[in-house]
Amino acid sequence: MVFWIVAAAMTAVVTLAIVWPLLHGKDEAAAAASDHDVEVYAAQLRELDGDLERGTIAASEAATARAEIGRRLIRAAERAQSPAPGGRVVHSLRRSRTLAATFAVVVMLPAVAFVFYDTVGAPAMPDQPLALREQSQPDLDLASLVEKAEARLRADPTDGSGWEVLAPIYLRMNRQEDAAEAYRKAIEINGPSATRFGGLGEALTEIANGEVTDDAKSAFERALQINASYLPAKFFLALDASQEQRAADAETRWTELISQSPPNAPWLRIAEAGLADARQRLGKAAPATTSDAPAEAAGVASPDSQPGSSAGVASGEGGFVGPDAATVEAASQMSAGDRQQMIEGMVETLAARLKQSPDDVEGWKRLIRSYTVLGKTDEAKAALVDAQSAFPADSAASREIAAFAVEIGLSTGEEATSR
Amino acid sequence: MIVEIGHFALVLSLSVALFQSVLPMVGARKGDQRLMETGTIAATGAFVLIGIAFAALVTANVTSDFSVLNVFENSNSAKPMLYKVTGVWGNHEGSMLLWVLILAFFGSLVALFGRDLPATLKANVLAVQAWILTAFLLFILLTSNPFQRLDPAPMEGQDLNPILQDIGLAIHPPLLYLGYVGFSIAFSFAIAALIDGRIDAAWARWVRPWTLLAWIFLTLGISMGSYWAYYELGWGGWWFWDPVENASFMPWLAGTALLHSALVMEKRSALKIWTILLAILTFSLSLLGTFLVRSGVLTSVHAFATDPTRGVFILAILCIFIGGALVLFALRASSLEGGGLFAPISREGALVFNNLFLTTATATVLVGTLYPLVLEVLTGEKISVGEPFFNLTFGPVMVPLLFAVPFGPLLGWKRGDLLGAAQRLYFAAGCALAALVGILAYTGGTKVLAAFGFALAFWLLAGSLTDLFSRAAFLRTGWRTGLSRLIGLPRSAFGTALAHFGVGVTLLGIVSVSSFEKEVITTMAPGASADIAGYTLTFDRVEQRPGPNFEAQTGTFSVRQGGGELARIETSKRFFPVRQMTTTESGIWTHGFSQLYVSLGDPSPDNRSIVVRIWWKPLITLIWIGTVFMAVGGAFSLADRRLRVGAPVRSRRKAALAGT
Amino acid sequence: MTRKAKRLYSIGAMLIVVGAAAGLVLTALSSSVAYFQSPTELVKNAPSPAQRIRLGGLIEDGTVKRDGSSNVTFHITDTVDSVLVSYTGILPDLFREGQGVIAEGTLGPDRIFVADTVLAKHDETYMPKEVVDDLKARGLWEDGKGLVKKPDETVSVTPVAGAGS
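Chains as they are written, first to last, in our numbering: chain A, 1 to 419; chain B, 420 to 1079; chain C, 1080 to 1244.
One thing to keep in mind: the hints can contain errors.
Unchecked claim - Straight-line Cα separation of at most 35 Å, DSBU-like style, residue types lysine-lysine; simulated pairs:
1) K1123/C <-> K686/B
2) K801/B <-> K1144/C
3) K1083/C <-> K833/B
FYI, nobody ran anything at the bench for these hints, they're computed from the structure.
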């Protein structure tokens, strides 16, 4: 609509501008061209005099030139005095011509423009600068894509590849139950595969708020049976070992994962933190780490904190927000900055979820832990405060969180016990 | 919405141009002031509208709006911002839009500055301009619309052809188009005169500054293009007699002739009919240049549109305009009033000599460019006409002309004194002789041709300045008076001298490079050295460097002479992943007026060493510096108060009165 | 001198200049232009070593050999015949096996084509126009499809899609 208004305005302005002299122009006849010639020759004569004064032309040369221009001047002047051929145009004829021209411009100019534009233009099409599309498009696309896929699957639930496409999207959209269901259908119809079982395991893990349940564990194990080097499955199995405090098992699993991962794998930070935790639990020295954040994490959990103060706390260990296989795969191709962003993005999701439903002790512990691993101590402390305010001061949950904070070295024991 | 507004503005400008083609001309025939007035407003309006369209296309490119087909095909979000802007005219559609923008710009200039032109002449000129504008707007909208949309829009574009992602190519087309299109003014004036059946006294006075302006831009544009080809293609050549280069060179030659004949017409009212014909030919060659580049009829490094429908469309435009103009010329030329008489030995005679040789040279280039095309159409046989042909034809034609250049300004109008002129050129002749003997001695008599080339160059250099010095009369009046007399000379005298001097400078560069260039092609591994022209180049290292939208393999060379390191040269091959293309970034070290030029080739099979091509190009930069002299000379002439663009004839009367 | 005589003299002088130029052009056209030939034609015609030839075709797969210095040899083929080409210098950036190319030079007595210029257009989809026309004329090329392989051909060439036309 705005487009048509602008287009109409442009057309109107242009049409009026062209019509203007037709309606208001001087009616005098054009000066005869010969008059003009006289002026030009006179000007040439003056220039010649100027040149002579400055001495840029020789006197003899100037004389011949003056004679010649003079001759031309006289001829032009004669012509100018003789009456113009044809005589004056009848006034009424001129008026009707002007009217015809005005009418033609007012009607034809817009008509030609709009008809021609109608055949070549795309008036309804908005601009799509890349910056704008990058902001809005993906969400829109994803939602409509999912809707379309769901509609198709309702019509034909035996379309295995449809389920397969949909499953990771559900996972990304935080619809874990749907994701698990979709993976199950995909396995059922398309047969087992490492990615399908891995995805199912991930969905189950996320349903359990990051706890690798037995169902999830068996799914990951199936994935590994099919493809022994399927790293995401290994990651979650190692995570499971950490969560169940099978320290020795966790150590071997994390070590194996780290050694097999590409050097820029996005899960390395978490893996190294998990390994450090497991070693510490075994009483071994923290290993040399390749990135600074795990080093900090390892430092945070250094011997001067009180290891294993409560079994309940420990069960939350290593419960990070699990990246799904697709994201992990994508992340391995990302640049370092993007990868950091992805990890932080996952933490953000968790923080947002906790803001809505703060009644989740394990969730809070995971968030605090994640912040410390990322080296964001301030955020971790803020999260700690938020967590404690989420529960009644003397509740078991509050105590548990305080103890956890002490354990990871975020607050000192006195603070924790002086409540 | 911006894109579509631009699109609409373009369509609207076509509608405006249609009326501009008809109304002023009807007005001029009927002596109706009101109808003639519409031309002025329509011309300005068309320029504003096309300006809006162009701005919209620039916006779409800058914001990477890939819903525009043209942006999708030629841009990429990773492309540097500078090339997002300049990429607008780096492709066929956008460059055509720039072409009409400049055409409309010149039209509006005539409309605005032409207040003191005879009304009928102005009205006719604007109408003829509008014919050209209409034809090209139709061409754009029907065959190469830059606002074609894509739905759904792709997320990423295909990127601009990497060899076009260069600052040289960013400036080259606008300059070239300002030149090409500028000649359209001379063309419109010529057609208007033919339609009117009479040539006003103001005609030449008006045509000359426009031609001069166009010529300045074309000179710089060609020079820029030549330098771009020199450093970007990595072949070390500065002129390839490539059809597209010829396409811009022919209007330049014809335009140069036009400049000179318009001078005769202005001063002496002679050569009128010839000047009209030359104006038509010059713009026809500009159109032909556009045609040759756009249709892809001739294979060439530059042709970026290969589309037969476009070719047919432009062919039609060519036939209508060139054919129509020539028919009109044949019908009306005889009714035009002839000009004054002059002796063969006179300024006019010299300028006719100039015109004769320049048009002959243009003809040889034209034959060389079109002959393969015609032969293929007639016999099916395919040939290629290259440098040897032009060396054999264009060169000999130019030699007498260049020899005559210093004489021209020294001859008087109407009747000249050849002996007197020759006497004043003793000093220049001495310079030429010294150069001849010097080069012969230096080369031990092996390079006779080179020696004559140098002699001719020095003859031109000294000869072009002779006029200034003899008119200032330093020897007779002493330095002080001489200097004041020199400053008092009209600027057009400086313009002539500078432009002719520039020709000498360019010639010096050409002769020097073609006779004393040295070249080494060798394989080098890091650490290896090569000797050329007294310099030692050491290949220091080769490394990978990432660029914004390419990966560069960069080789670093250090230049030494007798131990001390003089400079480092970096040269690279850039790989553009989006287009899967490689470009060569030649490494150039400028030393004085000479250059060392290094380009990388392919690595050897074992990947340890790489083919390196090194040139020593003595005085090569003079080729382009000379063109700058020519352009500056043109600007001086343009600044001459008698030729100032748009300086109205009528207001000059007041100025003259105030001056006395 | 009368006015008429003057005019005659000047017209005569112009004719001499134009005539001389025309003579130059004709000489140059007969001596210094290069004729386009396909490998098949070159093998059949065997032109004299003085004649400049533009040899156009495709670079045969697996034939590009560099001798360690800047000398390169390769075969140019039109899928029927192929010619060994020797070239010293830097090849264009888009010189690739299977790509269209034009080599300009002369055929030596040893049947090796010695090229002094090798052109491959600066465009990934480029096929030199002469090459496409030639292949088309012999039914080896179709618009929009590229090279059409003949069933009986022995030379294998990678088709270059969507080029030319």
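Item to check | 35 Å Cα cutoff - pair K1123/C, K686/B | outcome: With a Cα-Cα distance of about 64 Å, the restraint between K1123/C and K686/B is violated, given a limit of 35 Å.
Next on the checklist: Does K833/B sit within 35 Å of K1083/C, going by the straight-line distance between their CA atoms?
Outcome noted: Within the cut-off at roughly 18 Å; holds.
Item to check | Given pair status - K1144/C, K801/B, alpha carbons within 35 Å | outcome: holds, 29 Å
Of the numbered hints stated above, the single one contradicted by the structure is hint 1.
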